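Let's have the full structure, built from the sequences with the hints guiding it.
Residue numbers (my numbering), protein chains in the order written: chain A, 148 to 388; chain B, 148 to 388.
Calculated directly from the structure, the hints in this document are not laboratory data.
Among these hints, one or two may not hold up.
Said to hold, decoys possible - Partner residues are not named here, just some residues of chain B that face chain A (Cβ under 10 angstroms, in silico):
hint, residue
1, 161
2, 219
3, 266
4, 269
5, 280
6, 299
As the list claims (entries may be wrong) - In silico EDC-like pairs for lysine to aspartate or glutamate, Cα to Cα no more than 20 angstroms straight-line:
hint, chain 1, residue 1, chain 2, residue 2
7, B, 320, A, 323
8, A, 320, B, 298
9, A, 227, B, 239
None of the values given here were measured: they were computed from a predicted structure.
The C-beta atom is built at its ideal place from N, Cα and C for all residues, glycine as well.
Letter by letter, the chains look like this.
There are 2 protein chains.
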Amino acid sequence: MRNDNKIGKLYGVGIGPGDPTLLTLKAKDALEKADIIFAPKGSDEGISVARRIIEQVIEGKKTYIELTFPMTKDKNLLKKYWKKAGQRIAGELKKGKQSAFVTLGDPFIYSTYIYLLRIIKQDYPKIEVETIPGISAFNAAASRAGFSLLEGKEKMAVLPVNETMDGIEDALKDFDTVVLMKVGAKLQKVIRLLKQKGLAKNAVLISRVGHPNEKIIRNIANIKDKELGYLSVILVKTKAG
Amino acid sequence: MRNDNKIGKLYGVGIGPGDPTLLTLKAKDALEKADIIFAPKGSDEGISVARRIIEQVIEGKKTYIELTFPMTKDKNLLKKYWKKAGQRIAGELKKGKQSAFVTLGDPFIYSTYIYLLRIIKQDYPKIEVETIPGISAFNAAASRAGFSLLEGKEKMAVLPVNETMDGIEDALKDFDTVVLMKVGAKLQKVIRLLKQKGLAKNAVLISRVGHPNEKIIRNIANIKDKELGYLSVILVKTKAG
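Take a look at the structure:
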């Protein structure tokens, strides 16, 4: 898919939470047509999880370029990395290379792609971008656990767990379904709150959904494993069912 | 995939919002392995939208059984239809037929599949069911509109629009992103509320996402078309960005 006359197109491709068969047909097609696949990773030494997932289903030899986005909350430092990544991607697109940037889950849910896209739109407004949605972790988790997210007139809140547990109590009061993301080290705090509200039995934790070591835990009141919060989603029904 | 010794397995397959290329590889595989594909429709005379979508990408001849679920809010009447559908599905599974039930979007978001699954679990507990997640309308809408759903510490509310506009005002106050589903005839009411809150310019309406007649409307304050609310999702950012 070379085109020497014009700038290549960039596909932002959501690849789902981990199971490579959860890629969409459209995502697979975009990746197979791409000359270059950009894949994010957390450090220069690390491997790109997204790359390892798609390599299992994408046919044909590809040029992979792994881009580092360090695990930091320092926005200024991150901005430098996004700018550098944008520059690298733009450079390849200007050679007429069709390209794809792969991102875990859905591209517009807690993804580095959101920031990268913003930088590309700002610094290289002529680049055409098409975003391909992906199965988000909480949709995959719901299917694995047989957990109904929304039915009838129900309302759902999706929020990250912060140190201060900000917003969770209100969400548990006002919404039928609460999806807790980025649980991490705050798992025991979440469990305590859910027990206190009498909702621990209405909750299910899905860890590493779609990955080979996926775990589904329904009796979350008894969780002792501190590491389980990482890459976990907790789904809660707030009304007696 | 016949097995005369045991009951067939049922796959509940989310097929995404309309674009057949938004099926996952797993969904396509489950449908291609199925002897029988059950597809919901709104009336005996109507056609199954889900069937029309998958027929565009599924290879091999299939036996389709269209199941009617009338458009009514009468739960007792609906329950009869779910029971009848469950009976029909169980009947085929008992013949050892591998089967799939297709459902638009994600199976666990506002779907008839949720009720059907409950009936099957209750009436036929021996039937093995596997649910395959699908791209939900709001994820697809976000990708089409280039709309960031969640980043950093943001919180998202997903809720249907009721006659009383119940919960929408609170969600607009407490959440960074609000996803309004089932807009329907209440479109003008929603637009009035968003204008009143100074949020109409932060909203985007995506109608029939993934279908050939998809529309993306960013200036929702000026919408005159009353039909546009049907099969539409409205995405709103509540903070100045």
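Against the structure, the hints come out as follows:
{"no.": "1", "hint": "161", "in the structure": "holds (7 angstroms)"}
{"no.": "2", "hint": "219", "in the structure": "violated (13 angstroms)"}
{"no.": "3", "hint": "266", "in the structure": "violated (13 angstroms)"}
{"no.": "4", "hint": "269", "in the structure": "violated (13 angstroms)"}
{"no.": "5", "hint": "280", "in the structure": "holds (4 angstroms)"}
{"no.": "6", "hint": "299", "in the structure": "holds (8 angstroms)"}
{"no.": "7", "hint": "320(B) with 323(A)", "in the structure": "holds (18 angstroms)"}
{"no.": "8", "hint": "320(A) with 298(B)", "in the structure": "violated (23 angstroms)"}
{"no.": "9", "hint": "227(A) with 239(B)", "in the structure": "violated (59 angstroms)"}
Going down the numbered hints, you'll see the structure goes against 2, 3, 4, 8, 9, while the others check out.
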